[in-house]
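Participant: Build out the structure end to end from the sequences listed, making use of the hints.
In order, the protein sequences belong to chains A and B. Each residue of the first sequence is one higher than the last, beginning at 1 in my numbering. Each residue of the second sequence is one higher than the last, beginning at 1 in my numbering.
Worth flagging that the hints you see were computed from the coordinates, not collected in a lab. All values derive from a computational prediction rather than experimental measurement. For each residue, glycine too, the CB sits at the ideal point set by N, CA and C. One thing to keep in mind: the hints can contain errors.
[Said to hold, decoys possible] Cβ-Cβ distance ranges computed for the label pairs, FRET-style: (1) A/128 <-> B/283: 28 to 36 Å; (2) B/53 <-> A/135: 36 to 44 Å; (3) A/237 <-> B/208: 49 to 57 Å; (4) A/106 <-> B/235: 56 to 64 Å; (5) A/151 <-> B/122: 29 to 37 Å.
[To be verified] Here are a few chain B residues that face chain A, going by a calculated C-beta distance under 10 Å: (6) 194; (7) 202; (8) 214.
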Amino acid sequence: MASVEIMNAVKAYGDQQVLHSINIHVEDGEFVVLVGPSGCGKSTLLRMIAGLEDITDGEILIDGKVVNTKHPKDRDIAMVFQSYALYPHMTVEENMAFSLKMQKRDKEEQKQKVAESARILDLTKLLDRYPRQLSGGQRQRVAMGRAIVRDPKVFLFDEPLSNLDAKLRVQMRTEIRSLHQKLKTTVVYVTHDQVEAMTMADKIVVMHDGYIEQIGSPLNLYDQPANLFVAGFMGSPSMNLIKGRMDRSDPHQFVTQNGKVIRLPCPVDIDPGRELVIGIRPEHFEVSDEGTEFEVEVIEPTGSEIQVILNLGGEKATAAFRDRLPLEPGDKVRLGMSENGLHFFDSQSGNRLSPDLYMKEVSPEH
Amino acid sequence: MSMIVTTEKALSKRGQGARKTAPGSSALLNRGQVLLFAALCIFTLFNLIPLLWAVLTSLKHPADAFTIPPTLVFEPTLEYHKEVWLDHNFVQYLSNSLIVSAGTVIISVPIGSLAAYALSRIPRQRSGPILSALFTIRMFPHILLAIPFFVMGSFLNLIDSYVLLILALIAINQPFTIWLMHGFFSDIPRDLDEAAALDGCNSWQSFRTVILPLARPGMTVAALFSLLLSYNEFLFALVLTGVDTKTLPVAIASFGGEDISSLSLAAAGAIGIMLPIVIIMLLLQRHLVRGLTMGAVKG
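Facilitator: If you want it as structure tokens, here you go:
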């Protein structure tokens with residue numbers, strides 16, 4: 001086990017800089033997920049930790065030692081690839097024992113370690129098979145087995161579940177998480193799937209265009225997104241983001257770009273001249289006679305809840321209800337929102353405004 | 001229960017539907033296949049006729065060989081085969097051919113594989129010009145190289161030596177080997193090199209233990225093509241060899257034109273030159289097919 005420290009890491013291909021001064025501290029035994037859309041630089045960063053990409057500037061430390069110029073084999077890390085990268089001409093056992101063989105470990109030790117890892121991952125019966133004879137989930141487990149057999153300081157996962165079907169993905173998610181709880185090894189995990197990030201991580205690093213947008217615990221990111229990007233990226237369905245300003249005459253009212261009024265659950269003290277984006281998560285809507293009137297456009301029942309696509313003067317919004325409301329497309333419905341589900345972002349900078357700055361005490365006249 | 005019955009009915013109906021549509025499409029497919037098969041038979045026959053002619057001529061006396069129209073009823077003889085193998089230094093020429101071919105393959109394929117692997121792993125901007133240059137060398141008319149090779153060979157006192165012919169054949173064969181192997185290595189995902197690096201391999205170990213076993217079918221194909229090229233090569237062998245190192249194609253060419261019996265002799269020689277290659281092809285047929293289809297289907 002070891003900590004990983006990334007200090008002012010920069011990656012450039014010629015003139016094109018793809019990672020800009022990245023700083024991340026991964027604690028010993030922590031499960032950190034790098035998440036972001038395609039092309040945000042998360043896989044490049046992971047490959048820099050692995051030693052598969054050069055570091056243009058800055059430093060990467062594993063277990064307190066700078067590894068910038070170290071060959072991947074000397075970093076004591078193991079990586080699970082998106083494609084699994086199993087050696088097709090070797091059996092499962094040979095695949096798993098390969099790194100130990102390269103380290104010239106004793107044959108008995110190799111056998112014992114492979115057997116132990118196979119037992120943990122339920123691969124014992126598959127040891128004689130070749131990768132082509134395995135299902136996607138089994139290949140995935142072999143890739144993990146190959147990684148854990150070495151007992152490395154750090155595990156790196158590069159979108160390991162993206163080739164699996166939805167059901168298997170959920171199952172493997174749990175398996176990886178429980179494996180981490182068993183082994184307590186430091187993990188850096190890359191995914192573009194924010195649900196995967198939310199369910200697996202101790203700490204999430206949200207990346208976008210080569211920058212870190214926010215670092216924090218899953219719930220911290222969900223409840224207090226630092227900016228519009230994080231607010232829109234984390235959560236499914238994503239947060240409703242509607243542009244507008246505060247009403248000049250009523251601090252309970254937010255006026256959208258299209259002139260529609262959204263009734264707020266509490267008075268808000270923000271300069272009415274300031275361009276804002278209001279953020280409301282779908283599950284924070286509630287049916288209320290005093291709420292804002294929306295038109296129902298589409299109803300999407302998922303079984304556990306109903307997702308309703310709404311229209312407010314051209315602005316689209318999504319609401320999610322646990323109750324099976326008798327709504328039909330074309331219906332009008334009045335929706336309020338809970339106070340703690342309300343977010344305001346500065347339209348220009350995209351940054352979230354701290355509630356401490358705008359929350360007012362409820363005055364008697366309102 | 002009724003629901004199960006309904007489902008079964010639906011399934012059987014669907015099955016019938018599938019069967020109903022099948023005959024039309026399979027008839028079409030069959031007709032296409034028959035036409036294709038017929039075309040391939042004609043093509044094969046067309047290619048086999050010269051071979052058949054050579055086999056028959058080698059078994060005929062010259063008088064029968066020159067009958068017009070050719071006759072299929074004749075008194076067969078192995079006289080010319082015997083003569084070729086025993087009286088015309090055929091074994092020596094064959095061993096010269098095998099030495100030159102084996103030398104070319106043994107040097108050309110490993111060097112080509114190493115170069116191709118490196119080219120498949122460097123950025124395309126860097127590998128592209130090198131591959132284009134190799135392609136240009138391949139397209140260069142080889143006849144123009146024969147004289148410079150002869151001059152160089154004379155200067156180094158290497159005329160009529162295996163080394164000179166092997167070096168010349170490697171020079172003309174190498175671009176093809178590199179191109180062929182480059183295709184095979186490019187099909188092997190880079191993730192495997194990276195996984196090997198993380199598992200503790202240096203570049204050479206990755207190549208030897210992970211990449212090379214996967215490229216084996218490709219190497220077999222490259223080796224066979226190199227073998228064919230060097231075994232059948234005539235021009236360089238004619239210019240650069242002498243009495244001691246004359247190869248079979250050059251030797252057989254000298255069988256013709258002396259008298260009427262030389263035609264049967266030349267045919268027997270042609271059959272003799274073909275035999276080793278046919279045997280090698282039969283032995284490596286499985287690898288050859290695998291190699292030629294490698295990369296066509298993702299496994």
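Participant: Decide, hint by hint, whether the structure agrees.
Facilitator: Hint check:
Roughly 29 Å separates the CB atoms of residue 128 of chain A and residue 283 of chain B, a value that falls within the hinted 28 to 36 Å. Look at residue 53 of chain B against residue 135 of chain A: about 56 Å separates their beta carbons, and that is not inside 36 to 44 Å. A hinted range of 49 to 57 Å for the beta carbons of residue 237 of chain A and residue 208 of chain B is consistent with their spacing of about 52 Å. Distance hint check for residue 106 of chain A and residue 235 of chain B: the Cβ-Cβ separation is about 58 Å, which falls inside the suggested range of 56 to 64 Å.
Taking 29 to 37 Å as the suggested C-beta distance range, the pair residue 151 of chain A and residue 122 of chain B conforms, at roughly 34 Å. The criterion of a C-beta within 10 Å of any C-beta in chain A is met by residue 194 of chain B, whose closest approach is roughly 5 Å, and the hint holds. For residue 202 of chain B, the suggested interface contact is upheld, since its CB lies about 8 Å from the closest CB of chain A, less than 10 Å. Satisfaction of the interface hint for residue 214 of chain B is found here, the shortest Cβ-Cβ separation to chain A being roughly 6 Å, below the 10 Å cut-off.
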